[in-house]
Each structure stands twice: as C-alpha cells, then as structure tokens.
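Using the sequences and the accompanying hints, generate a full structural model.
Keeping their order, the protein sequence lines are chains A and B.
Per this note's numbering, the very first residue in the first sequence carries number 1; after that it's consecutive.
Per this note's numbering, the very first residue in the second sequence carries number 283; after that it's consecutive.
Hints should not be assumed to be uniformly reliable.
In the EDC-like style, the derived pairs of lysine to aspartate or glutamate whose C-alpha atoms are separated by at most 20 Å in a straight line are [claimed, not checked]:
{"hint": "1", "chain 1": "B", "residue 1": "Lys338", "chain 2": "A", "residue 2": "Glu278"}
{"hint": "2", "chain 1": "B", "residue 1": "Lys338", "chain 2": "B", "residue 2": "Glu385"}
{"hint": "3", "chain 1": "A", "residue 1": "Lys210", "chain 2": "B", "residue 2": "Asp358"}
{"hint": "4", "chain 1": "B", "residue 1": "Lys338", "chain 2": "B", "residue 2": "Glu371"}
{"hint": "5", "chain 1": "A", "residue 1": "Lys210", "chain 2": "A", "residue 2": "Asp162"}
{"hint": "6", "chain 1": "A", "residue 1": "Lys210", "chain 2": "A", "residue 2": "Glu171"}
Looking from chain A toward chain B, a few residues come up when the C-beta cut is under 10 Å (computed) [as the list claims (entries may be wrong)]:
{"hint": "7", "residue": "Leu123"}
{"hint": "8", "residue": "Leu125"}
{"hint": "9", "residue": "Leu276"}
Per label pair, the in silico range of CB-to-CB distance [said to hold, decoys possible]:
{"hint": "10", "chain 1": "A", "residue 1": "Arg119", "chain 2": "B", "residue 2": "Arg368", "range": "32 to 42 Å"}
{"hint": "11", "chain 1": "B", "residue 1": "Gly395", "chain 2": "A", "residue 2": "Glu128", "range": "12 to 22 Å"}
{"hint": "12", "chain 1": "A", "residue 1": "Arg274", "chain 2": "B", "residue 2": "Ser285", "range": "29 to 39 Å"}
{"hint": "13", "chain 1": "A", "residue 1": "Asp209", "chain 2": "B", "residue 2": "Thr394", "range": "31 to 41 Å"}
{"hint": "14", "chain 1": "A", "residue 1": "Glu189", "chain 2": "B", "residue 2": "Arg368", "range": "27 to 37 Å"}
{"hint": "15", "chain 1": "B", "residue 1": "Ser376", "chain 2": "A", "residue 2": "Glu167", "range": "44 to 54 Å"}
Everything labelled a hint here was simulated from the structure, so no lab data went into it.
All residues carry an ideal CB built from backbone N, CA and C; glycine is no exception.
Here are the chains, one letter per residue:
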Amino acid sequence: MNIERRTLLQAALAAPWVHGLSDLGQDKPASRPSTGPDPFAAALGAMKQLAAPGLAIAIPETEAERVKLAAALNDMLESAQAPTVLALFLRAVWVCAPAARLPLKNGENVVLLDPVGARVEGLQLPVEQWENPSADRWCIGQLHAALDRFEKARRAAMRSKDAEPGERELEAVVASGAPTPEYYRMLQETAALCVPGSYILWTWRTTPDKHVRDACEQLIRFAWTRPDERNHLPFGVVEAKLEKPVASGGCGSPGSMIACGMALPQRRSLFVLRFLGESPAK
Amino acid sequence: MLSEVQRVLLAACRARDPFAVLQASLASPDLTTDERAWLASIDADGLRVTALIVTKLRFERIVNGDERLGQRFDADPEAFARAFQRYSEEVAPSFIFPGEEAEAFERWERTTGGSS
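As structure tokens, then:
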C-alpha cells in the first residue's frame, strides 16, 4: 500500500503546518535520501524562533500506520473549520519525526517539547485515535490539555504585570463588533498576534465569557487564513495581490484586465474550489 | 439552435451536478440532432471542471469587486461559500464587471436572507 498522490500533494501543501508530514507518505522512508532540510531540525529552529512549544509525533513503524496518520493529519489540516482544531496548530510547532530522535518513554508516541526542545510530557495517542475527523475527537482534547498544562505553568512563572501583546487588541475587538471595513482590518491585524503562547489563544482556552470566546474564535479563523510564509500555495504558484478592489474597473480603465479574476491564484479561490468540489450534488 | 445550446450549457454550469442537468436537457425539442449528439458527447469530468472554473470566476468577481465582501469571506469562509453556492445556482451569470456581480450578490442576500 502506498499513499495516494492526492494525499501526498495535500501533505506537501500542509507541510508548513506540520514539519515532516510529507515524509509520512513515503513507503520506505529510510531508503530514500532526503533532498530537503531536516524537518526535525527545522521544527526545533521554529520553536526557538517563536518561543513556542513543540508537538512531536513519532513516525509509526509500519507503512499502514504511516499512511493512516498522514491521511488523518491531512484531513485535520484540509478540512478543519472548527477553532478547536485550527487553534491546535496555532498553539505549537508540529513535527513528525523518527521515534529514535524523540525523548519518548514506554508506550508514548507523542511528546510535548519546550521551546528549547526539552521533554515536557509524553502522550499515548494511537494512530486510530487520529482518524475520524471531528473537532471533539479524543486526541484533540488530549493535546489541548497537555498544552494547557504547559501554558499554565509558563504563565505562573511570568513576572511582568504589563499588558501582553494582544490583550488590548482583543479588548478592542470585543468592544467593537460592528461589521465595518475598519473592524475587519482590525481583525486581520490582531489575528497576527495569535501565536503560540499568546494572550489571545490562552484567553480562548480559559475565558468563561462567550462573547470574548467568540471574538477569539473569529481571530483564530483569521489567523488560519492569514497570508503568511507558513501558508503556502502550491509550489510555483504566487498569490496575486490586489491592492484595491476592482469594482469601478471597466474595460480600458486602470486594472480592467484583472476584472474577471482570471489567472489570479488566491487562497480564497482554493477554499471555494475545495468547498464546491466536496459539496454533494442535490 | 445556438441559443438553446448556450442555455443548456449555462444551466449545466450552474448546477451542482452539471452532467445530470446536461443529460436531462438533451430532450429539449429546440436542439437539432447534431447539437444533441454534440452535447451528449461531452465528457462528464470535463464539464464538471468547466463548471467549477466558471463558478470560481464568479466568486472571484464578488470578493474582488467589493472589499467588504472579501473581508466577510475571510471572517467566515464556510458560511460565505455556502451562501455563494446558493447564489451561483439561483442567479444566472449576466454581469460584465465584478462590481455588478458583487452588487447582485448583496441584492440576492437582501432578498433571500443569504445563507439561511
């Protein structure tokens, strides 16, 4: 059995979110020399740079389990709409790595690492638990809980009493809420602060206020779709940047050649194509 | 006649199952024998991809034609896509410029309640 071409392509697209994910698709990983950078080293570098915890998943020994895990992770990445799933990828740097390189203990296949790569705690999440893509699946709750414990301890050790990045911005989002262009612009700017360990993501996990939680979830969605270097289009494709709306554009006017939207690869279009492609016929 | 061929193809491209709509339209008495044979030879997957491209272009006209609509999409892509899907099925593409398509989408939402 080998992973399907479609799944492999998805893995390549999703790679910025899960280091080493595309390696899961290889039928004999060890027999093929890697042509790219070492995913585990890249993940450690990202953790250090972002001061983020890491979630390291041991690459299963059997091909069948590797394929299952790759497919399950792809499903999470490609079809995730629930903030519970999206936030999980925003809260930590993810990596799939050989078990021998991870500080695992008996029976564990996932390990939570601190930003310098030291073991925090291990988890037993069998591959079967990653299947069945629903936001409330057991493994998602386990991973959030582990990140919560880490984050709670980290915050307990914090000394600064100053407002954190994102604190005042979140207050402004909650206070506003009017669907104006300015509001959406504020959402876009504030979403950039939804990084691992951020005030916004922690507030989303802990606030009892539904209004605040809803605002956090909207920011999480924006953070997920926000164009940045981690959210690539397929290889060789560069996103078209529209500096201004083309509503007033007509033939012969500035920007008229982009009026029909042709050949303008955009993430929005990819989402809609996927939505339409997967939407069942009436 | 040509206008009937165009009508059949347009209806197919707006449907969720373009090939089924195309097949159902072949009985139209306004099609000539040659036109019917030509339409019947269309590849199902090819028609589906064509319909997706047409629909994608309409979507891009809307979100690029009105910045507010693009921002609404960014805020909740699935809800917007669901509303857009209904719009593309219910409103025939008859607009030249993106701004007109965006206005038509908003008008349709006001009239129908959008994604509800």
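Agreement of Lys338 of chain B and Glu371 of chain B with the hint, judged by alpha carbon distance not exceeding 20 Å: holds (13 Å)
Against chain B, run the beta carbon of Leu125 of chain A and see if the smallest gap drops under 10 Å. Constraint on Leu125 of chain A not satisfied, violated at 27 Å.
Taking the Cβ atom of Arg119 of chain A and the Cβ atom of Arg368 of chain B, is their distance within the range 32 to 42 Å? Given about 50 Å between the Cβ atoms, the range is violated.
With respect to the beta-carbon atoms only, verify the hint that Arg274 of chain A and Ser285 of chain B lie 29 to 39 Å apart. Holds - the Cβ-Cβ distance for Arg274 of chain A and Ser285 of chain B, about 34 Å, lies within 29 to 39 Å.
Does the alpha-carbon distance linking Lys338 of chain B and Glu278 of chain A stay inside the 20 Å limit? holds (14 Å)
Are Leu276 of chain A and chain B close enough, Cβ to Cβ, to be under 10 Å, as the hint says? Constraint on Leu276 of chain A satisfied, holds at 6 Å.
Quick one, is the Leu123 of chain A hint okay against chain B at 10 Å, beta carbons? Nearest chain B Cβ about 30 Å off; hint violated.
Could you grab the alpha-carbon distance between Lys210 of chain A and Asp162 of chain A and see if it respects the 20 Å cut-off? violated (25 Å)
Mind checking the alpha carbons of Lys210 of chain A and Asp358 of chain B for me, to see if they're no more than 20 Å apart? Holds, at roughly 18 Å.
Do the Cβ positions of Gly395 of chain B and Glu128 of chain A conform to the proposed distance bound of 12 to 22 Å? Cβ of Gly395 of chain B to Cβ of Glu128 of chain A: about 42 Å, so the range 12 to 22 Å is violated.
Keeping to a limit of 20 Å between CA atoms, is the pair of Lys210 of chain A and Glu171 of chain A held or broken? holds (14 Å)
Beta-carbon spacing of Glu189 of chain A to Arg368 of chain B - inside the hinted bounds 27 to 37 Å or not: holds (31 Å)
Going through the hint list in order, the structure does not satisfy hints 5, 7, 8, 10 and 11.
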